[in-house]
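Chain A is fixed; fit chains B, C and D with the ligands onto it per the hints.
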Amino acid sequence: MKKIINNPNNVVSEMLEGLAKANPAVKYSGAGVEVISRKEKKQNKVGVISGGGSGHEPAHAGYVGYGMLDAAVAGNVFASPSPDRILEGIKEADSGQGVLLVIKNYSGDIMNFQMASELAEMEGIKTASVVVKDDVAVPDSTYSTGRRGIAGTVFVHKIAGAAAEQGKTLEEVQAVAQKTIDNIRSMGMAMTPCILPAVGKAGFELAEDECEIGMGIHGEPGITRQKMVSAKELAERLLSHILEDYDYSGSEVAVMVNGLGGTPLMELYILFNEVEKILSEKGIKIYRTFVGNYMTSLEMAGCSVTLLKLDDELKGYLDYPSMAPAFRV
Amino acid sequence: MKKIINNPNNVVSEMLEGLAKANPAVKYSGAGVEVISRKEKKQNKVGVISGGGSGHEPAHAGYVGYGMLDAAVAGNVFASPSPDRILEGIKEADSGQGVLLVIKNYSGDIMNFQMASELAEMEGIKTASVVVKDDVAVPDSTYSTGRRGIAGTVFVHKIAGAAAEQGKTLEEVQAVAQKTIDNIRSMGMAMTPCILPAVGKAGFELAEDECEIGMGIHGEPGITRQKMVSAKELAERLLSHILEDYDYSGSEVAVMVNGLGGTPLMELYILFNEVEKILSEKGIKIYRTFVGNYMTSLEMAGCSVTLLKLDDELKGYLDYPSMAPAFRV
Amino acid sequence: MSFTLTSKDYVNYINIVKQRIYENGDYISGLDAATGDGDHWSNINMGFESLAAAGEELQNMPIDAAFKKIGMLMMSKIGGSSGILYGGAYMAASKVIAGKESIDSQDLCNAMEAMVNDMMQRGKAEPGMKTMIDSLYPAVMAYKQALSANISGRETMILVKKAAIDGAEATRNMEAVKGRASYQTNKGVGNLDPGAVTMSYQIECLCDYIIDNLIDK
Amino acid sequence: MSFTLTSKDYVNYINIVKQRIYENGDYISGLDAATGDGDHWSNINMGFESLAAAGEELQNMPIDAAFKKIGMLMMSKIGGSSGILYGGAYMAASKVIAGKESIDSQDLCNAMEAMVNDMMQRGKAEPGMKTMIDSLYPAVMAYKQALSANISGRETMILVKKAAIDGAEATRNMEAVKGRASYQTNKGVGNLDPGAVTMSYQIECLCDYIIDNLIDK
Ligand SMILES: Nc1ncnc2c1ncn2[C@@H]1O[C@H](COP(=O)(O)OP(=O)(O)O)[C@@H](O)[C@H]1O
Ligand SMILES: Nc1ncnc2c1ncn2[C@@H]1O[C@H](COP(=O)(O)OP(=O)(O)O)[C@@H](O)[C@H]1O
Ligand SMILES: [Mg+2]
Ligand SMILES: [Mg+2]
Ligand SMILES: [Mg+2]
Ligand SMILES: [Mg+2]
Chain A
1 MKKIINNPNN VVSEMLEGLA KANPAVKYSG AGVEVISRKE KKQNKVGVIS GGGSGHEPAH
61 AGYVGYGMLD AAVAGNVFAS PSPDRILEGI KEADSGQGVL LVIKNYSGDI MNFQMASELA
121 EMEGIKTASV VVKDDVAVPD STYSTGRRGI AGTVFVHKIA GAAAEQGKTL EEVQAVAQKT
181 IDNIRSMGMA MTPCILPAVG KAGFELAEDE CEIGMGIHGE PGITRQKMVS AKELAERLLS
241 HILEDYDYSG SEVAVMVNGL GGTPLMELYI LFNEVEKILS EKGIKIYRTF VGNYMTSLEM
301 AGCSVTLLKL DDELKGYLDY PSMAPAFRV
Chain B
1 MKKIINNPNN VVSEMLEGLA KANPAVKYSG AGVEVISRKE KKQNKVGVIS GGGSGHEPAH
61 AGYVGYGMLD AAVAGNVFAS PSPDRILEGI KEADSGQGVL LVIKNYSGDI MNFQMASELA
121 EMEGIKTASV VVKDDVAVPD STYSTGRRGI AGTVFVHKIA GAAAEQGKTL EEVQAVAQKT
181 IDNIRSMGMA MTPCILPAVG KAGFELAEDE CEIGMGIHGE PGITRQKMVS AKELAERLLS
241 HILEDYDYSG SEVAVMVNGL GGTPLMELYI LFNEVEKILS EKGIKIYRTF VGNYMTSLEM
301 AGCSVTLLKL DDELKGYLDY PSMAPAFRV
Chain C
1 MSFTLTSKDY VNYINIVKQR IYENGDYISG LDAATGDGDH WSNINMGFES LAAAGEELQN
61 MPIDAAFKKI GMLMMSKIGG SSGILYGGAY MAASKVIAGK ESIDSQDLCN AMEAMVNDMM
121 QRGKAEPGMK TMIDSLYPAV MAYKQALSAN ISGRETMILV KKAAIDGAEA TRNMEAVKGR
181 ASYQTNKGVG NLDPGAVTMS YQIECLCDYI IDNLIDK
Chain D
1 MSFTLTSKDY VNYINIVKQR IYENGDYISG LDAATGDGDH WSNINMGFES LAAAGEELQN
61 MPIDAAFKKI GMLMMSKIGG SSGILYGGAY MAASKVIAGK ESIDSQDLCN AMEAMVNDMM
121 QRGKAEPGMK TMIDSLYPAV MAYKQALSAN ISGRETMILV KKAAIDGAEA TRNMEAVKGR
181 ASYQTNKGVG NLDPGAVTMS YQIECLCDYI IDNLIDK
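Residue numbers (the working numbering), protein chains in the order written: chain A, 1 to 329; chain B, 1 to 329; chain C, 1 to 217; chain D, 1 to 217.
These aren't lab readings, by the way, just hints derived from the structure by calculation. Values in this document were obtained by computation on a predicted structure and should not be read as measured data. Mixed in with the good hints, there may be bad ones.
[To be verified] To be clear about the criterion: a stretch of chain C counts as covered by chain A if any three or more of its residues have a C-beta under 8 Å from a C-beta of chain A, and this derived list gives those stretches:
id: 1; segment: 32-43
id: 2; segment: 74-80
id: 3; segment: 85-96
id: 4; segment: 183-195
Heads up, the beta-carbon is just placed ideally off N, CA and C, and yes, glycines get one too.
The shape of chain A in the complex, shown without the other chains:
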């Protein structure tokens, strides 16, 4: 393992300490709490928070800022933050109008955020939750945990954050966040594994010419392990899974081509170039595009493609200014 770190057990706190020093608009709660929140707290606004395991940077702390999140709560690498941390995030975000929790659909996150929201209610803070499940690599299901939440989560932060900034109520913000979730689908792939700092070596291997279609952002298994394909074929493959799952035909969409951390921007743009061609052939109109590292998996090489179907309401929120350093609009 070659990483620019000190002690593997301190990566989260040292990272957030660095992040808060670099971004004067946010403050850091300190080690053990791991909350990044806005320094200037707007009063009487619905708070929007998110969080999850670390290792997905810039998610989630990079999305704290005007127009987006009020606070982000970090767990250890790939581990949901605990309820006490989340509670601190909720308190930071609360200014009297309640707090929306944007949760990614993993059983650890669900259980921890659930308990945190109970603790918050006990302290008199109203909360509401939405659960993002955009990864079409996994069949949807109510019996099992079901679909994972991946890069599409960033769109939910953006839109819920904008609605909250515009003075919507908790119920309204929750409703528009849910509507966003209902219209998002993502699909990813990976080319190399990632290494958890505390573990020190990769959990799996991919051969020199192999990739895994549908792999999750924690290296969870995908659909198929196969020979590496061209950017064109990859775009076709990822989009076909998305389009089989949800009918985007004739609609306007926001597109995100997301890098997993180890894949250079050059490749993401080449992939987007192919994605655009396919969408335009299919008559799906791109309203706005985001290409970059938005929801990563440490140093993993790979990518995901996300589509969000837009209407005028969602467009308005998507276009609303955001000062979050990792998502400036």
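Chains B, C and D with the ligands only, in chain A's frame:
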């Protein structure tokens, strides 16, 4: 080699095509010319262009936008663009007040930009040039090529771009760009090699526990190959080279902690956290911080640290709005 | 027949299981990497490190308070699925032994039953879903049966331990429904569930501790 | 004694050297990777591919125009240091043979001399700095000497070729002053300069082509 590409020979044009589709504020000249320029051309403003080999994304095309570059010219991977391409970039950037060329100090870039500026003068376009040489890993010299231009170049784009946007003359923009260059020092390191798409395999190897201090952004040799060190020691090492070369004591600086493409943001923030501690100990005040992938080397894992000494003039330009997607201020 | 388990004993046991978990780092990380996200060992290892670090404080508390404190520490230090599941479980256990300085065998069985119930409820999971429950649940069942059958404390502990280990082993052929292994096309069949394995370590170490230290030979 | 080199010949030669360069991809990439940025082969290979692609057009031009066109193609298709150096060199060569349909041995020598002069001026480099000049310069010197010594065309070509190859080999012990190898602590000593090697391939192939096809045996 596992890359999300189609044909290795087309990576530059497909990337820029994708980039222009993703960013409606710019236009792409087309394959073979490889110029990204602003769609809305402000009249009677000094043009600022830059460029160089590809593989350093988001440099340089990501820095085209209001407040920063007017055009960026891309060569093949790691190869300076040819004079005819640069000439196209100059023409795109020209609106009657002349064009500043921001060149990184490599003999290929110098020769190609030099000829392009002669061609431009022949067509009646006034040009001026500055050469960025911030990499303290290489001793400065007038006899040899001397210091390489690396991540500090982005600050030069930013400041020259802001000065031009504010209506300064070509001479004034050149002067402030030169002043910026005079006050910038950078130092990098690498942990893994990168793979040129057309070559298909790495040009060198670094052992599982090795890094190379001072390696250039094209994998050019550094100062020492050594065992990997902690983030703290790395910050000390990189800064000591910088501070030995230039006296930043008592001054206010902009800091950039730049990733080479394969290093996750988590590690960059941890490194910055250490950089900040050292600077604060030494009484060097940080005015503004930039942490991210600004000047990369394909998928190379590694980083660089850049310091820019600021005065009120430079602060003003650094803080001036920029709409370039890779450097929003 | 029975035994008396104090907070001091529990802290001793924690130090033993902490070592056991520490030594099996590669193995457990590998299990979670095969079907999940690879962090289970680092989560649970960090959890036991912080329990051990709080040993001084824990051993001077009544056992109900110690369980509550353990729950809070696990919930906040481990994170992920295991942190909240263990955290919730210990807090639930603390309630059923409320007011006790130390506990006997029946109390321990009650505590473990409260734990598994809390885990099932919180995780919306049942036995057979390839989780840590598949080690704890059969252990609790065996414990209850042994207590009602009135066999020796030593034999009881051996049965509980065996049920936990067999339960963990049985996860190999189960299809995952909850947790990350459920994302696999084959639902993780063929691989042990890491959470079940670390659960079985804990039960095994606890039973062995009781056998070795609290029961007359 | 002399020979006549036409555009058609030059295109034939280009196809030969293109193949030679293509076959040595790993070797040349390795040389540039060792001391530079690893792109020299891909640059020059792409350049010769585009020259070959323009073969039809080139072979129907007078040789001065063909050289100019070659220069423009190399400058725009290769990029990097080599592109502009070769581009400028061919354009300079085109000027000294202006007005010629085809060239003889003296013309070729003059053209090569113009090339090396342009390279030295543009690159601010001299022989001994571990660049492509270290292959071309001695070749030109040998050529001039051979022409004034009035030896056979065949022998002349052999001498020119040898000088180019020896010159490339001599870069091994030189310290780099220009180009990326100059960044090395040891200035690249011990490694051949990739640009000198590909230059020597070109001169070697050209000399061999002339010997094999244009000179009576
Ligand atoms: N819903 C659930 N109910 C019960 N146990 C679960 C549930 N989800 C996961 N587990 C258990 O947690 C273990 C994984 O723990 P850990 O790796 O620490 O958390 P995470 O899955 O969040 O990374 C699994 O092996 C399984 O035993
Ligand atoms: N200033 C210069 N003068 C003459 N030749 C040079 C100069 N700089 C580089 N070269 C030659 O160019 C070769 C490298 O070419 P190439 O790899 O294509 O360009 P780059 O160095 O820009 O990557 C070197 O091996 C050397 O022979
Ligand atoms: Mg986890
Ligand atoms: Mg190059
Ligand atoms: Mg796990
Ligand atoms: Mg090169």
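Taking the hints in turn, this is what the structure says about them:
no.	hint	result
1	32-43	holds (count 11)
2	74-80	holds (count 6)
3	85-96	holds (count 3)
4	183-195	holds (count 3)
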